[in-house]
Amino acid sequence: MKIGVFTFGGGYAMIPIIEEEVTKKRKWISEIEIMDILAISESTPGPIAVNTATYVGYKVAGVTGGIIATIGLAIPSFAIIFVISFFYQDFMKWPVIAAMFKGLKVGVIILLFSAVIRLKKGVKVNFISVLLFVIALSLMLVFSFIDTGFKYLSLSLILLGIITGIVLTLIANKKERKE
Amino acid sequence: MIFFELFYTFFLIGLFTFGGGYAMIPMIQEQVVSKGWISESNLTDFIAVSEATPGPFAINISTFVGNSVGGTFGAICATIGVILPSIIVILIIAMIMKKFMKNKYVQGALNGVRPIVLALILSTALMLLIKVIFLKGNSFNGEWEFDIRSFALLIILSGMLFIYKKVRKKSLGAIKLLGLSALLGIIIFTV
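Protein sequences appear in the order of chains A and B. Numbered by the numbering used here, the letters in the first sequence go through residues 1 to 179 in order. Numbered by the numbering used here, the letters in the second sequence go through residues 1001 to 1191 in order.
Next up, chain A with everything else stripped away, as it sits in the complex (with noise of 0.2 Å):
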């Protein structure tokens, strides 16, 4: 039942189906919180993709859900590499899978993209928001044609929000008080 969500759930194409199968067919989580969930999934170990799936299936269904999501997640690929890791050498001469991978790759970036546009709504529109926003997409655009060895570029800007965030609290609560 679960698993069935996560049989064609990897890398980059994994993110906007989670985000589609969970909280738009499903409506098992709201978009805001899988936002919740991403950022936490990159500022733990492990894999972000693994993270995703365990903590979707605990919201869902607790610590036997989180735990069946993620061998759920893990089976196919399992699968398909263990197939390929007997023939692999030859595997992307065969002119018909490199065709078919080079297709998957432009339809996980129109998904990508969908997913942007759907996860936005559970952004709230501020100039703090925007400027963090632009902040972290110059930042891993620039650093991505520079190689400056640096490896944990995601994890320090999901820092730099979380920092933010608690911050303009602190401020709120002071002016609260005075007032």
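Just a sample of chain B residues kept apart from chain A, beta carbon distances all over 12 Å, derived:
no.	residue
1	F1003
2	Y1008
3	K1169
Going by beta-carbon spacing under 8 Å, a handful of chain A positions derived as facing chain B:
no.	residue
4	D36
5	P47
6	A49
7	G107
8	F133
9	I162
Because the hints were derived from the structure by calculation, they are not lab data. For every residue, glycine included, the Cβ atom is placed at its ideal position computed from N, Cα and C.
Knowing the structure of chain A, use the given hints to seat chain B on it.
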């Protein structure tokens, strides 16, 4: 014992990798290549295969190395090893978060983090777009080359989705979209 060693090695890799699967590559070089489980050039080849197949890189690489070192059971040990730290850590955090979700500071932190996450996803999309359409090979240091076929596919797919949305009043499901893109990919890239 090789099975325990596989499990333990990938458990460590899972525990100490932050962020996406590729953050794992240095750890793999250190822990796996040094043990002679996979050669440097095989690892590079495998990264290319992994990039082209579905599934998180972490699970792909652990299955592959586990299988080549210890057969089927080795693959299972390595894969369980790599996902176990995530399961444990995330379950603990999820339980803690459940209690503190209503806390003002936790809410504040989450408000700050949401625009960042949105930017991270958008940047993934943009970087993938640039890679697929404008770059030769998979590296950002590679040569620039406009891939007219990928670009055509992107336009055709977007057009089809737009029309589908207008006609059916809802968007095409993700899995169906991927099936369609694979099919069109075969047509466009093999002709």
